[in-house]
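S.K.: Assemble the complex: chain A is given as a structure, and chain B must be docked to it using the hints.
There are 2 protein chains.
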Amino acid sequence: MRHGGDILTYRHLFDGRFRDFSSNINPIGMPFGLKDRLLNGIKEITKYPDIQYRNLKSEIAEYLRCNTENVIVGNGAVEIINNLSMMFNRAVVVTPCFAEYIERPKVFGKEVVKLPLDNEFEINVELIKENIREGDLLILGNPNNPTGKRIKDYVLTEIHEAVKEKNAFLILDEAFFEFCPEDYDSIKLFNESENVCIIRAATKFFALPGIRLGYAYTSKAIVEKYNKIVLPWSVNTFADMAAECIFSDEHYITTSKEYIATQREYLLSELRGIENIKVYDTHCNFILIKLLDDNEDDIFDYLAKKGILVRKASSFEGLDKSYIRVAVKDFNDNKYLVNALREYQRWRKQRTTQEV
Amino acid sequence: MRHGGDILTYRHLFDGRFRDFSSNINPIGMPFGLKDRLLNGIKEITKYPDIQYRNLKSEIAEYLRCNTENVIVGNGAVEIINNLSMMFNRAVVVTPCFAEYIERPKVFGKEVVKLPLDNEFEINVELIKENIREGDLLILGNPNNPTGKRIKDYVLTEIHEAVKEKNAFLILDEAFFEFCPEDYDSIKLFNESENVCIIRAATKFFALPGIRLGYAYTSKAIVEKYNKIVLPWSVNTFADMAAECIFSDEHYITTSKEYIATQREYLLSELRGIENIKVYDTHCNFILIKLLDDNEDDIFDYLAKKGILVRKASSFEGLDKSYIRVAVKDFNDNKYLVNALREYQRWRKQRTTQEV
Numbered sequence: 000m001r002h003g004g005d006i007l008t009y010r011h012l013f014d015g016r017f018r019d020f021s022s023n024i025n026p027i028g029m030p031f032g033l034k035d036r037l038l039n040g041i042k043e044i045t046k047y048p049d050i051q052y053r054n055l056k057s058e059i060a061e062y063l064r065c066n067t068e069n070v071i072v073g074n075g076a077v078e079i080i081n082n083l084s085m086m087f088n089r090a091v092v093v094t095p096c097f098a099e100y101i102e103r104p105k106v107f108g109k110e111v112v113k114l115p116l117d118n119e120f121e122i123n124v125e126l127i128k129e130n131i132r133e134g135d136l137l138i139l140g141n142p143n144n145p146t147g148k149r150i151k152d153y154v155l156t157e158i159h160e161a162v163k164e165k166n167a168f169l170i171l172d173e174a175f176f177e178f179c180p181e182d183y184d185s186i187k188l189f190n191e192s193e194n195v196c197i198i199r200a201a202t203k204f205f206a207l208p209g210i211r212l213g214y215a216y217t218s219k220a221i222v223e224k225y226n227k228i229v230l231p232w233s234v235n236t237f238a239d240m241a242a243e244c245i246f247s248d249e250h251y252i253t254t255s256k257e258y259i260a261t262q263r264e265y266l267l268s269e270l271r272g273i274e275n276i277k278v279y280d281t282h283c284n285f286i287l288i289k290l291l292d293d294n295e296d297d298i299f300d301y302l303a304k305k306g307i308l309v310r311k312a313s314s315f316e317g318l319d320k321s322y323i324r325v326a327v328k329d330f331n332d333n334k335y336l337v338n339a340l341r342e343y344q345r346w347r348k349q350r351t352t353q354e355v
Numbered sequence: 000m001r002h003g004g005d006i007l008t009y010r011h012l013f014d015g016r017f018r019d020f021s022s023n024i025n026p027i028g029m030p031f032g033l034k035d036r037l038l039n040g041i042k043e044i045t046k047y048p049d050i051q052y053r054n055l056k057s058e059i060a061e062y063l064r065c066n067t068e069n070v071i072v073g074n075g076a077v078e079i080i081n082n083l084s085m086m087f088n089r090a091v092v093v094t095p096c097f098a099e100y101i102e103r104p105k106v107f108g109k110e111v112v113k114l115p116l117d118n119e120f121e122i123n124v125e126l127i128k129e130n131i132r133e134g135d136l137l138i139l140g141n142p143n144n145p146t147g148k149r150i151k152d153y154v155l156t157e158i159h160e161a162v163k164e165k166n167a168f169l170i171l172d173e174a175f176f177e178f179c180p181e182d183y184d185s186i187k188l189f190n191e192s193e194n195v196c197i198i199r200a201a202t203k204f205f206a207l208p209g210i211r212l213g214y215a216y217t218s219k220a221i222v223e224k225y226n227k228i229v230l231p232w233s234v235n236t237f238a239d240m241a242a243e244c245i246f247s248d249e250h251y252i253t254t255s256k257e258y259i260a261t262q263r264e265y266l267l268s269e270l271r272g273i274e275n276i277k278v279y280d281t282h283c284n285f286i287l288i289k290l291l292d293d294n295e296d297d298i299f300d301y302l303a304k305k306g307i308l309v310r311k312a313s314s315f316e317g318l319d320k321s322y323i324r325v326a327v328k329d330f331n332d333n334k335y336l337v338n339a340l341r342e343y344q345r346w347r348k349q350r351t352t353q354e355v
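Those sequence lines, one after another, are chains A and B. Read in order, the letters of the first sequence correspond to residues 0 to 355 in numbering that gives the first Met the number 0. Read in order, the letters of the second sequence correspond to residues 0 to 355 in numbering that gives the first Met the number 0.
A couple of the hints might just be wrong.
Claimed, not checked - If you want a taste of the chain A side facing chain B, the calculated C-beta under 10 Å gives, among others: (1) His2; (2) Gly28; (3) Gln349.
FYI, nobody ran anything at the bench for these hints, they're computed from the structure. A quick note: this is a predicted structure, and the numbers were derived from the prediction, not measured. The beta carbon of each residue, even a glycine, is placed where N, CA and C say it ideally should be.
Same shape as in the complex, but just chain A (with noise of 0.2 Å):
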């Protein structure tokens, strides 16, 4: 699968419920006024959205607290990852990454440099520097997918200068923002700059994968050329709509955030004390697994019997068959994932007992 959340392709391995930790989504479910808003919107789909979404844009700025001049839309962030693509020669991504980071830009038949991530899947910003062209796109996640780890400030402000200083340009990739610590925003750190995308979602925190709404902060001059490219009404009425509600419910921000970062402790922790495997940092809702002397197949297949699907991580570029990628969810699935994996142990030793 290149993506997570592919359920339908997995039904058959599920005997009833099952539990999806391979798409990462916020457990806590959709903003809870956002039900009623659509309930009550539902004729305004029998007109077009705003074509140039006057309402959408001012509630995004508020929330990102800049200027409605730098905000643009999309249907979902992965439309402005594509359109971004178009304009401009080359892409540069650091492995393993999102697998569209690479596929939007070859779409358009731009060459895409690959570079990989140290062993423990930090950048390195040297490589960064060596690599990076003029008129290059450079796309980091923020955090990245599927590593879960966000991108110290200092680092990226270096990154920033060199990308300044090359005439290139950055997306960063921020569609699991509000998961992470609250250590520094990108948006404040980079105002005002002309070489930064910075592209956040209502997909993941917001848990509304399914009314795709994308939306980033950027400079005006890249606003005015992507308006020349966008498709209208790219954005359906009900996410223009959601957004009236989402952006402002702080109970759910809030609740949201604690109950995350609650259950990022819980999993990391009783995950570090399963044995044969190797379990990696993460700022944000999802935990990248590695496999000792394993793969993912196996593992996904044991689980499958369980009810549960976790992301296989070899189709991202420079991963190979022994990694798994789990979400972040809630209590009681969380606990069923770790369970189900203490069991896959003991399973593994017997086999392998009898085996021998």
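M.R.: Frame of chain A; chain B shown alone:
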């Protein structure tokens, strides 16, 4: 305005309620069973839509009476036009036409050849034959927007032969298909053709511009190419769900067709009794009007004061300021428009007399 339905831009002109004749949406409103389906399905937006759109494509295939493997889907018809534009060397269009036939290929740096329709806005087949080359993408509205005319089946067959012979490709944009008399079905006509894509949408006939659902019938080879470039999850969950009830709502479909046919005849006949305008034939739910010795701005401003929004047509390539386009709406709205146009002509006459 490049498109109709841009109500917000003109809101300041209206005092309270107004009638939007600038966007060509089924006046009956959305299909009867849809509201309940969406109400029941709201929680599904916390999951990704099926990345392969298995259900959606199967519902569409049944509606179009074709195989599922021949179906593509998009974020509105315009995304399908956009993605196909990428695949071909050059676009050929007939003007006036929907602005995006020209815009989308231009976004990808493609040359766009514009061939004029004749004085009665009929297609000049010889001109197309002379100009079409290998690798070209010919984009035709059927019926065409803003002229409202459907291409006769034998004309279409002749064009298709020329397209095949030159190894070019034909897009038929049939976004207004269901509003037309049932004289022929182009999907049957071009069954198994490797050189045609027939695009339709839920937007106009099912009155769902806000939900963003376009779909098309084409060859398996093009479906495969398309799936390689299409954005993941480009159709949102609501559009996916809507397909489960709109295409099988025969009562809604029959009622809409009959109602539009009646109102089209009514509006055409009333408009033809009004002085100083020429009313073109139409096969669908909008009417192009030529203003004799007048311009779109004066009539637009007059009607706006009466709470009526019409489409100025000079933004269509090949039309000057002497045209407007109006939608066929419900009886009360249509009558209101007719009366307002009569008053306008009386007012103009009076003004001219006073000036003399």
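S.K.: Hints first: check each against the structure and report whether it holds.
M.R.: Structure-based check of each hint:
{"no.": "1", "hint": "His2", "result": "holds (6 Å)"}
{"no.": "2", "hint": "Gly28", "result": "holds (6 Å)"}
{"no.": "3", "hint": "Gln349", "result": "violated (36 Å)"}
In summary, the one numbered hint that this structure violates is 3.
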